[in-house]
Each structure stands twice: as C-alpha cells, then as structure tokens.
Amino acid sequence: MSGEDGRSGGQHSRRAFLRTATGALLLSATGQPTTASAVADSPTVYVGSFDSSLYAVDAETGEQVWEFTEPTAAVQSSPTVVDGTVYVGTMDGKLYAVDAVTGDRIWAFAAPENGVESSPTVLDGTVYVGSMDGHLYAVDAATGEWLWAVSEPSGQIWASSPAVADGTAYIGGMDGHLYAVDTGTGEHIWTFSGPADGVSASPTVKDGTVYVGSIDRALYAINAETGAQEWKFATPRSAVRSSPTVAGGTVYVGANDSTLYAVDTATGNEKWRFIEPTETLRSSPTVVGKTLYVGSDDGTLYAVSTKTGRQEWAFTQPSGSVQSSPTVANGVVYVGSGDETLYAVDKKTGEQVWTFDGPTSSVRSSPTVVTDPENGKSDGSRVALGTLGHHHTWPPEEIPENTETPVETEANAESSDQSDDSQRGTPSNRTGGVAGGGGGGGGGGAGGGSTGNPANELEESSTPTPNNATAVGVGSDGLGSGFGVVSGVGSVVSVGYLLWRHQSADDEST
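First residue of the sequence shown: 15, per the numbering used here; consecutive thereafter.
These are computed hints drawn from the structure, not numbers from a lab.
Incorrect hints may have been included.
FRET-style restraints, in silico, Cβ to Cβ [unchecked claim]:
id: 1; residue 1: Thr-292; residue 2: Thr-75; range: 29 to 35 Å
id: 2; residue 1: Gly-222; residue 2: Asn-389; range: 31 to 37 Å
id: 3; residue 1: Thr-369; residue 2: Asp-55; range: 21 to 27 Å
id: 4; residue 1: Arg-251; residue 2: Ala-280; range: 22 to 28 Å
id: 5; residue 1: Ala-52; residue 2: Gln-366; range: 19 to 25 Å
id: 6; residue 1: Ala-280; residue 2: Thr-86; range: 44 to 50 Å
id: 7; residue 1: Gly-345; residue 2: Thr-292; range: 26 to 32 Å
id: 8; residue 1: Thr-292; residue 2: Lys-362; range: 20 to 26 Å
id: 9; residue 1: Ala-328; residue 2: Asp-180; range: 36 to 42 Å
id: 10; residue 1: Gly-303; residue 2: Asn-128; range: 39 to 45 Å
Every residue gets a Cβ at the ideal spot worked out from N, C-alpha and C, and that includes glycine.
Start from the sequences and build out the full structure, keeping to the hints where you can.
Okay, here's the thing in structure tokens:
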C-alpha cells in the first residue's frame with residue numbers, strides 16, 4: 015500500500031491500515047492547508063515548536079514562509095529534509111512527510127500510541143524513527159508505508175534518535191541499553207548493556223565506533239560491529255543527555271552539570287572542559303572549523319574554541335533555555351529557545367542577525383537549513399558531520415556544500431593562559447575507563463554470538479517483514495544519495511530532539 019502523493023493535487027483522501035504487531039497506521043492525504051500563502055524558493059530554515067506547528071522561515075530575512083499546523087501536539091523532533099521533503103515527528107504520535115516548498119502534507123505515519131520525540135534519520139529511501147510506544151520503525155520515505163518495526167523488551171520509550179551506518183541502525187532505550195538493528199530486515203544484531211540508567215541521547219557513529227551518553231553520568235565508546243565497550247568516560251556528578259559530536263579526534267558532549275567536555279576518541283581521556291554555563295547543557299554541540307557552538311539552559315548560546323576550550327563569545331539575548339542544537343550555514347548560527355523564538359546569529363561575532371517570533375511556545379526542535387527547498391536536502395553545520403535525526407555517521411574528511419571543514423583538534427590542548435579563569439576553559443588529565451569494561455554486547459544476529467545480556471535483546475515484531483522491505487544499502491562513507499549530515503557536528507541531531515525532556519529541571523541535575 016502506498017500513500018497518495020501530496021503534490022498531485024487530487025481530492026483529499028484518508029486511508030489507514032493496521033499492522034497487527036505494532037498497530038502502526040499510515041494516514042495518506044493530499045495537500046493539507048497551511049497558514050501561509052508563500053512558497054519556499056530560497057534558502058529556508060525548518061523548525062518545530064511546542065505550539066504544535068512546523069515552520070518554514072526565510073534563512074536570510076527571518077520572514078515566515080509557511081506554517082504546517084496539522085499536528086495536535088508539540089513538534090519536539092528535529093526536521094530532516096531529503097529531496098524536497100521534510101520529515102518530522104510529533105508528540106501526537108505521528109511521523110509526517112511535508113512538501114518543503116508548499117508546506118502541504120504528503121503522508122502521515124501514525125504509531126499506535128504516544129508521541130514521536132525521536133528525530134527521523136533518512137537514508138536510501140527509508141525513514142528510521144523511534145517512538146514513545148517502545149518501537150523503532152522503518153518507513154518508506156516516498157509512500158509512508160511501514161516496512162518493519164522492532165520493540166524494546168521493557169516497553170520503555172525511544173527518546174533517542176537512530177544513527178545509521180553500514181547497514182546498521184543504532185538507537186538507545188530508556189532501559190539503559192544501546193541496540194544495533196539490521197536496517198534491511200529489522201533483525202537484532204547486538205545489545206550493549208553497559209549503562210546503568212536510560213539512554214536518551216542519540217548515538218554518533220565515526221570510524222567504526224559508536225559514541226553515546228547515558229543518564230548514568232557517562233559517555234561510552236562502543237565497537238560498532240561487535241557491541242563491545244572500548245572505553246567509558248564518567249562525568250563527575252551528572253547525566254549526559256546531550257548527543258556527542260566528533261571532530262578531529264575529539265568527542266564533544268554536554269552534561270547536566272553545566273559542563274562541556276572534550277574527550278579523546280582513542281583513549282577516553284579528557285582534554286579540557288568548559289565550565290562557563292550556569293545551567294544544564296542538553297543542546298548538542300556543533301563544530302565548524304576551530305569553533306564549537308552549543309546552547310545552555312541558562313539562556314545562552316556559546317562559541318568555544320575547539321583547541322583550548324576557551325569562550326570566544328556568548329549570545330545572551332534569549333530569555334528562555336537554549337536546548338535546541340545549533341545549525342551553522344553560510345556564516346549564520348540558527349538556534350531555537352524556550353522564549354518562543356528562533357534566532358539567527360553571526361557565527362564570528364555573536365551578534366544577532368534576525369529573530370523569528372512566530373511560535374507561541376518553546377522552540378526545542380533543532381533548525382534545519384535547506385538551500386534549495388524544491389530539490390534539496392538538509393545542509394549546513396548540523397548536517398555535515400552529524401547527529402540529531404539526520405545521519406549520525408561521519409564521512410571521512412568529506413563535507414557537503416555550504417559548510418566549513420572541521421579542523422583537527424590538538425590532543426591535550428591547553429589554554430594559552432591557564433591562570434585566566436574568565437573564559438573557564440579548563441585543561442584536564444582525567445582518564446577514561448579501561449576498554450572493554452562495564453558490560454557490552456557481543457556479536458549477535460549476523461555476528462553469530464550471543465549478546466552481552468541476552469535477556470534484554472530486542473524483540474522482533476511478530477508481523478512478517480513486507481515483501482517490499484528490501485535491504486537498505488549504505489556506502490562506505492555512510493552518506494545516502496542527496497543527503498547531508500550536520501556541518502559541524504551536532505542532532506540531532508536531533509536532534510534534538512533527541513533528548514529526554516520529561517523531567518523537571520530539578521530532576522535533571524542528577
């Protein structure tokens with residue numbers, strides 16, 4: 015079954031089918047109305063809001079192009095754009111495909127219950143997304159058809175967004191496990207059971223290693239093929255809900271202790287920490303060149319040197335938390351805030367370029383920038399190397415157009431003036447845990463062995479895989495056709511929203 019093309023302009027129709035194992039529904043309808051008469055024909059920013067709308071905003075002027083108002087609950091997921099279609103999840107339990115130019119709905123895929131906080135990853139014609147009903151879904155990107163679904167044994171939600179690389183989807187569960195699933199069949203490959211608490215952050219895959227944070231106050235490096243732990247970096251006292259960014263041999267990640275950490279990818283040793291923020295860091299970092307951009311719950315967007323960990327500038331205009339992960343494109347940093355505003359900031363100076371205050375509620379979704387809405391894909395800093403619902407894999411030294419190439423971060427970089435505490439970039443000699451410690455998955459599924467914790471393996475859907483659910487091919491660089499991954503690092507993207515946001519600020523400090 016396939017949905018009717020929303021661009022065909024035929025009579026509105028609504029059809030649904032039920033898959034017995036998951037109860038997933040496909041709602042297909044043509045061109046749902048938007049509240050704007052304009053169409054996107056120039057560089058455009060797409061972002062969701064807690065006011066239940068998806069917005070398209072002119073990237074140069076900040077003017078609204080269109081507003082997609084069909085969702086009935088918050089749009090916390092970060093949009094992904096591929097071939098002129100915007101894919102986004104909503105808290106009313108749906109995954110939408112929306113025309114990037116007109117804002118008309120192409121199709122809607124409905125999970126049986128609960129919301130879709132996870133940001134979709136799109137690769138080779140398939141959309142991968144987690145749902146709060148405890149399933150990871152694979153959906154046909156063109157039609158919205160259900161291809162396969164797998165469930166988390168405990169039934170706990172998928173707040174994490176899937177990372178896809180080399181035929182494997184990686185996703186965290188609130189049961190404290192990281193799962194690896196075959197993208198073609200939905201079959202379980204391995205389970206990593208190291209974390210002692212939930213995994214709400216989205217994983218990032220780079221050079222055969224999966225990096226992911228956990229609520230148990232740690233950042234893990236896991237072998238992508240076997241599920242074995244390579245190292246564990248423990249934060250002093252707080253959960254890691256930020257999704258990690260990898261650039262130049264360094265993993266950058268924020269934590270609930272108001273600290274941004276730079277960790278060596280090979281050893282798990284800390285290089286430096288940035289302690290200027292006064293509140294939780296749930297935003298995922300974005301790296302462009304020698305600068306890292308990250309938001310904080312203290313209402314500030316920070317620019318930090320990747321070499322020294324010292325502050326370059328701080329944008330303090332937002333009056334609400336900055337949980338959205340920044341996207342950098344064409345010299346501008348785009349980020350949402352809890353004060354119902356999307357901000358555009360000059361990446362070099364930190365000066366405000368424009369603001370978009372159309373939303374009537376918090377903007378936690380991470381913005382996505384598209385140069386050519388009709389045919390284009392997500393690009394800019396959050397999609398060149400990145401996370402947050404985009405691709406979550408890192409091509410070797412290969413960056414899409416309209417991005418700056420990240421440079422190598424020097425190992426054990428130190429501040430030029432360690433005695434100057436005004437910028438709060440603190441070098442460190444802290445070391446990570448011993449590789450292989452703390453539980454880890456063995457090679458299950460295709461690998462032919464049992465996982466580190468067989469009792470917690472993923473449960474395959476009892477519904478047979480549809481005949482048209484062919485294997486999804488992934489190139490050696492992990493990039494899908496016409497699809498970029500965050501230009502800095504960031505999603506998560508989203509990304510974003512990727513992060514577990516259902517506890518109070520007081521709870522999240524633990």
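Results for each hint:
1. Separation of Thr-292 from Thr-75 is about 33 Å and conforms to the stated range, judged on CB atoms against 29 to 35 Å.
2. Between Gly-222 and Asn-389 the C-beta distance comes to about 33 Å, which sits within the given range of 31 to 37 Å.
3. For the pair Thr-369 and Asp-55, the supplied restraint of 21 to 27 Å holds, since their beta-carbon distance comes to about 22 Å.
4. A hinted range of 22 to 28 Å for the beta carbons of Arg-251 and Ala-280 is consistent with their spacing of about 25 Å.
5. As the Cβ distance of Ala-52 to Gln-366 is approximately 24 Å, the hint placing it in 19 to 25 Å holds.
6. For Ala-280 and Thr-86, the Cβ-Cβ distance of about 47 Å falls inside the hinted range of 44 to 50 Å, so the restraint holds.
7. For the pair Gly-345 and Thr-292, the beta carbons lie near 28 Å from each other, so the given range of 26 to 32 Å is met.
8. Restraint check, Thr-292 to Lys-362: a C-beta distance of roughly 25 Å satisfies the suggested window 20 to 26 Å.
9. Between Ala-328 and Asp-180, the C-beta spacing of about 39 Å keeps the proposed range 36 to 42 Å intact.
10. For the pair Gly-303 and Asn-128, the supplied restraint of 39 to 45 Å holds, since their beta-carbon distance comes to about 40 Å.
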